[in-house]
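Colleague: When you get a sec, could you build the whole thing from the sequences and use the hints?
Protein chains: 2
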Amino acid sequence: MGSRPRSEASGGVRRGPSARFAKGMEGRAQTPTIKDVARAAGVSVTTVSHVFNGTRPVAQETQARVREAIDDLGYSPSILARALKGERTGTIGMLATSSTNPFFAEVISGVEERCFEQGYSLILSNTREDRERMNAQLATMLQKRIDGLVVMTTNYDPSFFQDLRKLRGLHIVAIDTDDLDQVVVVNDDSEMGGRLAANYLIERGFRRIGVLAGPHQHPRANRRLKGFANALAEAGLALDESLIYRTDLTLGSGDTAMQRLLAQQRPPPDAVFCMNDLTAIGAMHAARQAGLAIPRDLSLIGYDDIEMASYSEPQLTTIRQPTLEIGRTAAQRLIALVEGEEANSEDVALPPRLIERQSVGLGPARVDTPEREKA
Amino acid sequence: MGSRPRSEASGGVRRGPSARFAKGMEGRAQTPTIKDVARAAGVSVTTVSHVFNGTRPVAQETQARVREAIDDLGYSPSILARALKGERTGTIGMLATSSTNPFFAEVISGVEERCFEQGYSLILSNTREDRERMNAQLATMLQKRIDGLVVMTTNYDPSFFQDLRKLRGLHIVAIDTDDLDQVVVVNDDSEMGGRLAANYLIERGFRRIGVLAGPHQHPRANRRLKGFANALAEAGLALDESLIYRTDLTLGSGDTAMQRLLAQQRPPPDAVFCMNDLTAIGAMHAARQAGLAIPRDLSLIGYDDIEMASYSEPQLTTIRQPTLEIGRTAAQRLIALVEGEEANSEDVALPPRLIERQSVGLGPARVDTPEREKA
DNA sequence: CAATTCTCCCAAAACGTTTGCGAGAAACAA
DNA sequence: TTGTTTCTCGCAAACGTTTTGGGAGAATTG
Numbered sequence: 031m032g033s034r035p036r037s038e039a040s041g042g043v044r045r046g047p048s049a050r051f052a053k054g055m056e057g058r059a060q061t062p063t064i065k066d067v068a069r070a071a072g073v074s075v076t077t078v079s080h081v082f083n084g085t086r087p088v089a090q091e092t093q094a095r096v097r098e099a100i101d102d103l104g105y106s107p108s109i110l111a112r113a114l115k116g117e118r119t120g121t122i123g124m125l126a127t128s129s130t131n132p133f134f135a136e137v138i139s140g141v142e143e144r145c146f147e148q149g150y151s152l153i154l155s156n157t158r159e160d161r162e163r164m165n166a167q168l169a170t171m172l173q174k175r176i177d178g179l180v181v182m183t184t185n186y187d188p189s190f191f192q193d194l195r196k197l198r199g200l201h202i203v204a205i206d207t208d209d210l211d212q213v214v215v216v217n218d219d220s221e222m223g224g225r226l227a228a229n230y231l232i233e234r235g236f237r238r239i240g241v242l243a244g245p246h247q248h249p250r251a252n253r254r255l256k257g258f259a260n261a262l263a264e265a266g267l268a269l270d271e272s273l274i275y276r277t278d279l280t281l282g283s284g285d286t287a288m289q290r291l292l293a294q295q296r297p298p299p300d301a302v303f304c305m306n307d308l309t310a311i312g313a314m315h316a317a318r319q320a321g322l323a324i325p326r327d328l329s330l331i332g333y334d335d336i337e338m339a340s341y342s343e344p345q346l347t348t349i350r351q352p353t354l355e356i357g358r359t360a361a362q363r364l365i366a367l368v369e370g371e372e373a374n375s376e377d378v379a380l381p382p383r384l385i386e387r388q389s390v391g392l393g394p395a396r397v398d399t400p401e402r403e404k405a
Numbered sequence: 031m032g033s034r035p036r037s038e039a040s041g042g043v044r045r046g047p048s049a050r051f052a053k054g055m056e057g058r059a060q061t062p063t064i065k066d067v068a069r070a071a072g073v074s075v076t077t078v079s080h081v082f083n084g085t086r087p088v089a090q091e092t093q094a095r096v097r098e099a100i101d102d103l104g105y106s107p108s109i110l111a112r113a114l115k116g117e118r119t120g121t122i123g124m125l126a127t128s129s130t131n132p133f134f135a136e137v138i139s140g141v142e143e144r145c146f147e148q149g150y151s152l153i154l155s156n157t158r159e160d161r162e163r164m165n166a167q168l169a170t171m172l173q174k175r176i177d178g179l180v181v182m183t184t185n186y187d188p189s190f191f192q193d194l195r196k197l198r199g200l201h202i203v204a205i206d207t208d209d210l211d212q213v214v215v216v217n218d219d220s221e222m223g224g225r226l227a228a229n230y231l232i233e234r235g236f237r238r239i240g241v242l243a244g245p246h247q248h249p250r251a252n253r254r255l256k257g258f259a260n261a262l263a264e265a266g267l268a269l270d271e272s273l274i275y276r277t278d279l280t281l282g283s284g285d286t287a288m289q290r291l292l293a294q295q296r297p298p299p300d301a302v303f304c305m306n307d308l309t310a311i312g313a314m315h316a317a318r319q320a321g322l323a324i325p326r327d328l329s330l331i332g333y334d335d336i337e338m339a340s341y342s343e344p345q346l347t348t349i350r351q352p353t354l355e356i357g358r359t360a361a362q363r364l365i366a367l368v369e370g371e372e373a374n375s376e377d378v379a380l381p382p383r384l385i386e387r388q389s390v391g392l393g394p395a396r397v398d399t400p401e402r403e404k405a
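Chains A and B, in that order, are what the protein sequence lines are. The first sequence: position 127 = 157 (this note's numbering), numbered continuously. The second sequence: position 146 = 176 (this note's numbering), numbered continuously.
In short, the hints are calculated from the structure, not lab data. One or more of the hints may lead you astray.
One copy or two, either will do: identical chains are not told apart, so a pair holds if it fits within one copy or between any two.
Here are the simulated DSSO-like cross-link-like pairs (lysine-lysine), alpha carbons at most 27 Å apart as the crow flies [unchecked claim]: (1) 115 to 65; (2) 115 to 256; (3) 65 to 196; (4) 196 to 115; (5) 256 to 196; (6) 65 to 256.
Modeller: What follows is the structure in structure tokens.
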């Protein structure tokens with residue numbers, strides 16, 4: 031809001047008066063404009079434009095001359111100028127919490143991939159869940175006239191989305207957020223994911239089950255937890271609130287949460303449902319440090335199926351989210367919106383899947399501690 | 031090069047003729063222009079511009095009126111139009127191999143962070159080392175008139191950089207690439223990193239040392255290997271070429287390379303130097319599957335110090351690269367270049383550091399297999 | 001040979017900014 | 001009153017495109 035950086039010095043020899051005869055590599059070769067091409071080809075800018083875009087028939091010979099000039103000068107039209115004429119900028123923005131978290135990284139990758147395929151480019155910003163940053167980044171993106179916005183935040187901040195909704199004319203798709211009117215949301219079906227985890231554990235006979243939950247306001251993790259609790263309830267089991275430990279879904283917080291759990295719960299629960307693989311791997315670490323063997327003494331199930339889940343010790347049983355697909359779908363929907371599609375703006379929920387590996391045992395530690403059998 | 035997508039349908043009601051009285055929320059609220067503000071405030075566009083930018087004294091009262099109009103309408107200037115006047119676009123591009131690899135992700139994060147701090151935004155593209163994609167992405171970025179470019183590729187493709195150099199007027203900074211004239215390069219001091227690893231292993235008495243190397247053309251990994259070999263040589267040891275196995279620096283390839291090594295080398299080497307943490311973790315996995323305990327039967331040292339290195343089993347001893355810092359520095363240098371700084375365009379090499387954890391034992395497996403002692 | 005239709009091209013407006021130039025008004029000095 | 005300075009602000013050009021409305025000449029038709 032304050033004074034913005036002015037180009038006081040005007041520094042280098044940026045942009046001389048539309049370099050004539052840019053062919054010769056004398057001096058600094060400015061990026062050629064359509065005018066340069068027109069001059070070189072001896073035609074009007076109109077003709078150059080039409081040749082380049084194929085928007086109107088142009089005589090073969092003229093076309094050849096123009097094309098040659100284009101190649102010679104290495105001309106490529108300025109999207110800036112083009113966008114000024116009311117066309118789209120072909121740029122979409124993405125607000126993400128952090129691009130280093132492997133789950134986010136993959137979603138981002140999916141978004142980027144689909145954007146590229148469709149000829150859009152992606153401006154990426156990491157918000158770190160800092161409201162100030164988000165505002166600043168959003169403002170910049172608006173100045174850059176993005177065609178649409180993908181939002182992937184972990185903590186659902188209603189006021190931010192309210193602000194967002196005021197921006198009529200900007201198309202928005204949210205990933206992993208509570209259902210929002212006016213905004214398309216792409217998710218995995220988190221509730222189903224939670225159920226999958228619960229049913230798997232129930233099936234194997236686990237009854238005393240802990241949870242490494244996400245932050246309070248985290249919609250995705252909360253939905254997983256809800257599905258988990260529902261499935262438990264349907265099996266006549268209750269979710270023991272005292273066995274729920276909060277994390278912020280990072281490696282470190284999984285580690286410390288598990289430490290706390292192990293310190294407070296004796297004996298420890300038979301199994302623990304972790305809201306994502308990162309916390310599960312952190313939890314494994316803590317369990318190991320505490321001398322517990324997995325899955326012998328304690329079973330763990332994660333969520334996401336990041337690549338690392340196949341390489342942990344033991345390999346992590348988890349619920350796979352179609353991560354890349356979530357990103358791709360979000361981009362797809364956004365682009366459809368941007369390109370004028372009005373219909374089909376319903377939310378999307380992609381189905382998760384159980385991936386069975388080694389971190390969940392065959393049942394509560396019967397063999398090793400037979401005395402608990404009777405309980 | 032072929033026909034580009036035309037906006038044939040011109041679809042939705044995009045951009046009516048500069049919405050009058052945009053205050054009323056009737057219909058679609060277009061993003062207001064400076065003209066709308068001027069009209070609302072009853073002044074000329076000139077005055078609005080000067081008020082907004084503080085480029086000329088404006089009467090207090092007028093200023094107040096203009097500001098009110100700006101707030102009312104939610105005006106923010108179009109960078110497109112501004113850039114058209116020859117100013118910078120405030121956008122920098124980044125070509126990266128993949129944003130899901132944790133090392134890359136962190137570098138990207140550093141770049142993004144610094145860009146944001148300096149008021150630039152980042153267009154990110156994943157190349158997947160596909161030359162076609164790179165070209166297409168670069169072309170798009172050029173059309174968007176990026177002010178500068180950060181390149182982070184794993185395989186050094188001289189011809190690409192040659193092409194790049196032809197783009198005079200575009201500022202470029204490369205990360206992790208062989209020294210290039212005309213382009214600033216930011217690295218960690220990979221050779222020193224290799225030495226650190228070698229000396230640490232030598233110190234502990236390891237002599238028969240394997241290597242999980244990177245791809246042939248990978249400059250960074252090659253420099254590490256060179257430093258490693260040099261340090262070995264200085265200690266009077268030779269690097270056994272037959273103990274070098276190639277990987278492509280992913281988890282999976284670390285796993286399979288280690289499998290091959292274990293199958294072919296009996297007994298296995300005492301220690302293995304892995305070119306990055308991902309391959310080291312993959313290698314751990316393979317070793318475990320083969321029934322080897324780390325570090326009892328085999329010592330492993332990695333490179334990068336990604337977060338996961340602290341949570342693997344056992345925790346990975348590794349060479350830490352100042353990953354974030356590499357990204358930040360690259361962005362910093364690029365922005366300096368963009369803003370007209372000519373001098374100080376030397377390459378940067380940031381110092382790596384040994385992080386001692388648990389994957390390297392106290393020496394070759396004397397205790398457990400005393401018979402090898404005599405060898 | 002005049003009238004009509006094509007074919008190929010150009011001029012100019014418009015997009016939203018910034019900015020050099022200058023004009024009117026007020027304040028001040030004479 | 002008049003000349004000068006100081007404030008305050010508007011006009012219009014320019015940036016690189018796309019696109020509309022013609023226009024000049026050639027080809028076709030009558």
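Colleague: Can you give me the call for residue 256 and residue 196, within, between, both or neither, at a CA distance of at most 27 Å?
Modeller: Neither: 31 Å inside a copy, 57 Å across copies.
Colleague: Taking 27 Å as the upper bound on the Cα-Cα distance, should residue 115 and residue 65 be classified as within, between, both, or neither?
Modeller: both (17 Å within a copy, 16 Å between copies)
Colleague: With identical chains treated as interchangeable, where does the CA-CA distance between residue 65 and residue 256 reach 27 Å or less: within a copy, between copies, both, or neither?
Modeller: neither (62 Å within a copy, 51 Å between copies)
Colleague: Given a CA cutoff of 27 Å, do residue 196 and residue 115 count as a within-copy pair, a between-copy pair, both, or neither?
Modeller: within (24 Å within a copy, 30 Å between copies)
Colleague: Is it within, between, both, or neither for residue 65 and residue 196, if the alpha carbons may be no more than 27 Å apart?
Modeller: between (40 Å within a copy, 21 Å between copies)
Colleague: When no copy is specified for residue 115 and residue 256, does a C-alpha distance of 27 Å or less occur within a copy, between copies, both, or neither?
Modeller: Result: close neither inside a copy nor across copies, 49 Å intra and 55 Å inter.
When held up to the earlier numbered hints, the structure conflicts with 2, 5, 6 and fits the remainder.
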